[in-house]
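Chains as they are written, first to last, in the working numbering: chain U, 1 to 226; chain H, 1 to 119.
Just so you know, these hints were derived from the structure itself, not from any lab. On a predicted model such as this, the values are computed, not experimentally measured, just so you know. Some hints here could point you the wrong way.
As the list claims (entries may be wrong) - Below, computed lysine-lysine pairings styled on DSBU-like, alpha-carbon distance capped at 30 Å:
| id | chain 1 | residue 1 | chain 2 | residue 2 |
| --- | --- | --- | --- | --- |
| 1 | U | K188 | U | K32 |
| 2 | U | K43 | U | K188 |
| 3 | U | K32 | H | K56 |
| 4 | U | K32 | U | K43 |
| 5 | U | K23 | H | K56 |
| 6 | U | K43 | U | K23 |
| 7 | H | K56 | U | K30 |
| 8 | H | K56 | H | K113 |
| 9 | H | K113 | H | K27 |
| 10 | U | K43 | H | K56 |
Said to hold, decoys possible - Taking beta-carbon pairs under 10 Å as the criterion, some of the chain H residues facing chain U (in silico):
| id | residue |
| --- | --- |
| 11 | S6 |
| 12 | I11 |
| 13 | I61 |
| 14 | R64 |
| 15 | P77 |
| 16 | L80 |
| 17 | V86 |
| 18 | I87 |
| 19 | I114 |
As the list claims (entries may be wrong) - What the simulated footprint calls covered on chain U by chain H, stretch by stretch (three residues with Cβ under 8 Å from a Cβ of chain H suffice, anywhere in the stretch; the number is not a length):
| id | stretch |
| --- | --- |
| 20 | 25-33 |
| 21 | 38-52 |
| 22 | 75-81 |
| 23 | 94-106 |
| 24 | 115-125 |
| 25 | 169-180 |
Idealized CB from N, CA, C, for every residue including glycine.
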Amino acid sequence: MRRIISILLLVIIAFGISLSLAKIPFGVPKTKVGRHYINEGVKETGATNIVTSVVVSYRGFDTLGEVTVLFIAAIGLGAVLTTGVKGEMRKVQPASLVLYTGCRLLFPLILVFGTYIFIHGHLTPGGGFQGGAIIASGFLLIYLGCRERRISRVASNLAESLGGLTFVVIGLLGLAFGGYFLLNFLPKGTANALLSAGIIPIIYIAIGFKVGSELAGIIDNLIEES
Amino acid sequence: MNFLDSYIYYIGAFGLILIGLYIILVKHNLIKVIVGLGILDTGVNLFLISVGYITKGTAPIFSRSGIDSEYMVDPVPQALVLTAIVIGVAVLALALSLAIRLYQHYGTLNLRKIREQKW
Numbered sequence: 001m002r003r004i005i006s007i008l009l010l011v012i013i014a015f016g017i018s019l020s021l022a023k024i025p026f027g028v029p030k031t032k033v034g035r036h037y038i039n040e041g042v043k044e045t046g047a048t049n050i051v052t053s054v055v056v057s058y059r060g061f062d063t064l065g066e067v068t069v070l071f072i073a074a075i076g077l078g079a080v081l082t083t084g085v086k087g088e089m090r091k092v093q094p095a096s097l098v099l100y101t102g103c104r105l106l107f108p109l110i111l112v113f114g115t116y117i118f119i120h121g122h123l124t125p126g127g128g129f130q131g132g133a134i135i136a137s138g139f140l141l142i143y144l145g146c147r148e149r150r151i152s153r154v155a156s157n158l159a160e161s162l163g164g165l166t167f168v169v170i171g172l173l174g175l176a177f178g179g180y181f182l183l184n185f186l187p188k189g190t191a192n193a194l195l196s197a198g199i200i201p202i203i204y205i206a207i208g209f210k211v212g213s214e215l216a217g218i219i220d221n222l223i224e225e226s
Numbered sequence: 001m002n003f004l005d006s007y008i009y010y011i012g013a014f015g016l017i018l019i020g021l022y023i024i025l026v027k028h029n030l031i032k033v034i035v036g037l038g039i040l041d042t043g044v045n046l047f048l049i050s051v052g053y054i055t056k057g058t059a060p061i062f063s064r065s066g067i068d069s070e071y072m073v074d075p076v077p078q079a080l081v082l083t084a085i086v087i088g089v090a091v092l093a094l095a096l097s098l099a100i101r102l103y104q105h106y107g108t109l110n111l112r113k114i115r116e117q118k119w
């Protein structure tokens, strides 16, 4: 019965959606603002990766909100999973030699790769969110391979707080210098150089630290609990 | 054929969204509901990306000077999806942690049985 009602509901939803989607053509430019970002973005922000200039510069305030959502999700996960009662330590079976050696070998390389991704966020595909996710995957590998190791909670919290604080402070500096939040007050430099685009690389590095430490903290909480 | 060429991405994206909704509505196992949530999330992301696509489009990155900007895809949905993916992961982890707590409290993941039990 429940199944039939659900399928009926889905058919109605699909019908309504297809009626409205038939009006949207596929593969043609639709928004004027996207065209403006592509044509003027390099001139206005100095970042050659237009997606980055949209994320950090044009809609930087939006990104601050989304970083906050991520923060709240991580906090909520910690609050739900932390009982305060110290359970008995589970006996962990040590990882095999291949996994142990492989993770010790790969972990620094993964860290370097993630750092590369978020430092070059304004030039190449990538950025703070992607680099942070890559770094968190490196920490996951450490948890799989060296099972006795734990990342230090203090260092992780410090990186997370510093990342968030840098983002907000840079935004407020823009307010102080030019009159609106997240103003790009540093010199833009020449396009396609590493030191260009003003505040965009700094903010992306902050986001990289924040996302990396938050996702690593989520992994840490889930592994502690299971 | 022409219809499929122009709408196949929309159909795929909404297929994923409808599959996710169906799982959420019908299944009783909490883990399966969370998997359905993940599928729905993927469908929404795919739909946003395909709305911004331009025929023969390339990524909106001026990696060398003199690239033709005529065929660059819309950067706005890409920026939205970029953050939405990371947030989707965090929300999925939060839902899984709630599932862990529910299992510890009730001893089952079946939503129907959880509802029957006393609080």
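Which of the numbered hints above does this structure break?
6, 8, 19, 23 and 25
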